[in-house]
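Quick note on the numbering used here: the sequence shown kicks off at 86 and runs consecutively.
Please keep in mind that the hints were generated in silico from the structure rather than gathered at the bench.
There could be a bad hint or two in this list.
Computed Cβ-Cβ distance ranges for the label pairs, DEER-style [said to hold, decoys possible]:
#1 P143 to V227: 40 to 46 Å
#2 S123 to P143: 45 to 51 Å
#3 A104 to K157: 41 to 47 Å
#4 S156 to E127: 37 to 43 Å
#5 T126 to H174: 22 to 28 Å
#6 H128 to V250: 33 to 39 Å
#7 D210 to V249: 41 to 47 Å
Ideal placement from N, C-alpha and C gives every residue a C-beta, glycine not left out.
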Amino acid sequence: MHSHSNYSRRRVLLHWLSAGIILWALVSGFYIAYNPVSAATEHWVGSLNVSLTTVFIPLFVWRSWLFICASKTCGTVLSLTKRLALAVHTLIYLSIGVVLVTGVLMMKSAISVFGLVRIPRPLDDPSLIQLANTVHTQSCVVLSTLIALHLCAVLWHELSGRRVVRRMSFAKRAGATLERAQR
Numbered sequence: 086m087h088s089h090s091n092y093s094r095r096r097v098l099l100h101w102l103s104a105g106i107i108l109w110a111l112v113s114g115f116y117i118a119y120n121p122v123s124a125a126t127e128h129w130v131g132s133l134n135v136s137l138t139t140v141f142i143p144l145f146v147w148r149s150w151l152f153i154c155a156s157k158t159c160g161t162v163l164s165l166t167k168r169l170a171l172a173v174h175t176l177i178y179l180s181i182g183v184v185l186v187t188g189v190l191m192m193k194s195a196i197s198v199f200g201l202v203r204i205p206r207p208l209d210d211p212s213l214i215q216l217a218n219t220v221h222t223q224s225c226v227v228l229s230t231l232i233a234l235h236l237c238a239v240l241w242h243e244l245s246g247r248r249v250v251r252r253m254s255f256a257k258r259a260g261a262t263l264e265r266a267q268r
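Let the hints inform the model, and build the full structure from the sequences given.
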């Protein structure tokens with residue numbers, strides 16, 4: 086999938102920002118949806134999630150662009166395992182995109198971003214808003230499943246001695262900078 090063993094600091098930062106925002110939004114969203122909570126808590130979590138994910142949209146577009154560019158510049162024939170990993174990562178990106186788009190489309194009122202910016206709701210038709218809500222919920226389930234698979238694959242690789250977490254960390258192995266400089 087990638088011609089080098091380490092990701093750039095920019096991609097690592099975007100990965101962990103994405104992971105934090107996505108995991109928070111999924112866990113808190115499902116918790117609010119399926120557990121009794123006060124109206125104040127539901128409102129607070131809902132407002133925070135809308136703000137966080139709205140701010141996340143341009144970061145996700147940037148991260149997607151970097152993913153596409155890295156996938157295109159690979160230039161090598163990929164093994165079945167690497168093609169499978171690329172396919173699953175692509176599905177994760179597509180699922181995130183669907184979750185974000187339907188999240189915007191399902192808004193019943195203007196989108197408030199941390200109380201600083203208001204974006205008008207894009208749809209007025211209640212049946213379209215409900216459809217977006219349904220697709221959003223289903224795509225959140227799909228995304229949660231893909232993330233669980235991703236985490237299982239990471240664990241499997243780590244337990245098999247393939248240090249994939251190190252590739253996605255800020256602490257690069259010694260010599261990696263020198264190797265990149267020599268290319």
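Q. Which hints from the list above does the structure break, by number from lowest to highest?
A. 1, 2, 3, 5
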